[in-house]
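Student: Residue 1 in the numbering used here sits at position 1 of the sequence shown, and the numbers go up by one each step.
It is worth saying that the hints were derived from the structure and are not from the lab.
Cβ coordinates follow ideal geometry from the N, Cα and C atoms, glycine included.
Some clues are possibly wrong.
As the list claims (entries may be wrong) - Derived lysine-lysine pairs resembling DSSO-like cross-links, with alpha carbons at most 27 Å apart:
id, residue 1, residue 2
1, K155, K48
2, K190, K249
3, K98, K155
4, K52, K141
5, K31, K86
6, K48, K98
7, K155, K52
8, K86, K98
9, K86, K52
10, K291, K277
11, K202, K246
12, K31, K52
13, K267, K190
Stated by the list, open to error - Pairwise CB distance ranges, derived in the manner of DEER restraints:
id, residue 1, residue 2, range
14, E111, T304, 46 to 52 Å
15, K231, R189, 44 to 50 Å
16, K141, D53, 19 to 25 Å
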Amino acid sequence: MEKDDNSDKVYLSVKEKCTSEQPEEMVTNLKASIRDLSVKVNEQNQRKCHVKDKLQQLRERISKEGVDVSVQELIPLLRSFKEVEKEESQVRSNCNAKRSALEDAVHGLEERVAKGLDGEIQEEDLDGLLFESLDNLTSAKKELAAALREIVSLKRQIDDVPCQSELLQYERRFSELNVCIQEKLQQTRKLYATYNALLEIKDLMLKETSLLNSIGSQFQDVIGTPAGRVKLIDSMEGVMKGIQQKIGKVQVGLQEEQRLRDASKEKYIAAAAEQRKCYTVLRAFQEECTKNERLRSQISAVNTTDSKEGIEGDMK
């Protein structure tokens, strides 16, 4: 709104001058207005070149960091930016054509003034030319502002994409967290195994204590008679058989645990070999990544040189 008010003020001031001054002065004022418009268009072209330089710096930053996935995501964004550049070049060509038309109109006015036809110059023609020039300037400013907003949006989207160093940091933190979780899991399993073993020992000791108490309480009663002694011997044999069975079960469990231990040891050996192989492959991959980044930097340097040459050609 402020730009439109300024344009109206410029138009009114020029209109007042056109109505109060001679045709020669009118042509001079119109030339000055055209020169001002040309200066403003040149300023906009300089701002456009500055924006292009910033975009090229962003491209160099992307190529140096080597973010392949991020570059794939940025391809449509760059295409949209190229389309904006094409539209801006079209608007620029239209502005140049309109400026040429205004210059031709000024030359025509000069010829009419030189031939003595200044009295026939109509105020409506000057008003139309001035309005058209101000409209062209306003539209050019609006298109430049839209292009700048698009570039800022692209820059924000580029900054939102994590770089390779951030991804490596995330991977390192997740690896450390996984190691901590595995250590806690192993400690928990050991504690549960210890608790179960102690609980089983407690049960065995309680059974042994109750057996010894029963034997001690009944020993004096049964030892005095032959039938009691036979019964005591039979009960002791039954206890021995129960103990032997318990020992057999414990040995079977021990053999099962030894078998699981051997299987785990074999898995560990295979995993260690696989880890060494992965380290070798990872080292080779890092070397290839380093070579790839070197090639990318060289290609980006060549592209930067070509783009600068193209921008200088456009400026000329």
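Student: For each hint, tell me whether it holds in the structure or not.
Tutor: Verification of the supplied hints:
Between K155 and K48 the alpha-carbon distance is near 16 Å, which keeps this suggested pair within the 27 Å criterion. Under the criterion of a C-alpha separation no larger than 27 Å, the hint pairing K190 with K249 is consistent with the structure, at around 22 Å. Taking the CA atoms of K98 and K155, the gap is about 33 Å. The hint is violated against a cut of 27 Å. Pair hint K52 plus K141 holds up; C-alpha atoms about 17 Å apart against a cutoff of 27 Å.
Restraint check for K31 and K86: not satisfied, since their Cα atoms lie roughly 30 Å apart, outside the 27 Å limit. For the given pair, K48 sits about 20 Å from K98 by alpha-carbon distance, which is consistent with the 27 Å threshold. Only pairs whose Cα atoms come within 27 Å are accepted, and K155 paired with K52 is accepted, the gap being roughly 12 Å. Between K86 and K98 the alpha-carbon distance is near 18 Å, which keeps this suggested pair within the 27 Å criterion.
At roughly 13 Å between alpha-carbon atoms, K86 and K52 fall within 27 Å of each other, so this suggested pair holds. Of the pairs offered as hints, the one joining K291 and K277 holds, with about 22 Å between alpha carbons and a cut-off of 27 Å not exceeded. Among the hinted pairs, K202 with K246 is consistent with the structure: their alpha-carbon atoms are about 15 Å apart, no more than 27 Å. Taking the CA atoms of K31 and K52, the gap is about 31 Å. The hint is violated against a cut of 27 Å.
For the hint linking K267 to K190, the alpha-carbon distance of about 20 Å falls within 27 Å, and the restraint holds. For the pair E111 and T304, the beta carbons lie near 49 Å from each other, so the given range of 46 to 52 Å is met. A C-beta distance of roughly 47 Å is found between K231 and R189, which places it inside the suggested range of 44 to 50 Å. At about 21 Å, the beta-carbon gap between K141 and D53 stays in the expected band of 19 to 25 Å.
Checked against the numbered hints given earlier, this structure breaks hints 3, 5 and 12; the rest are met.
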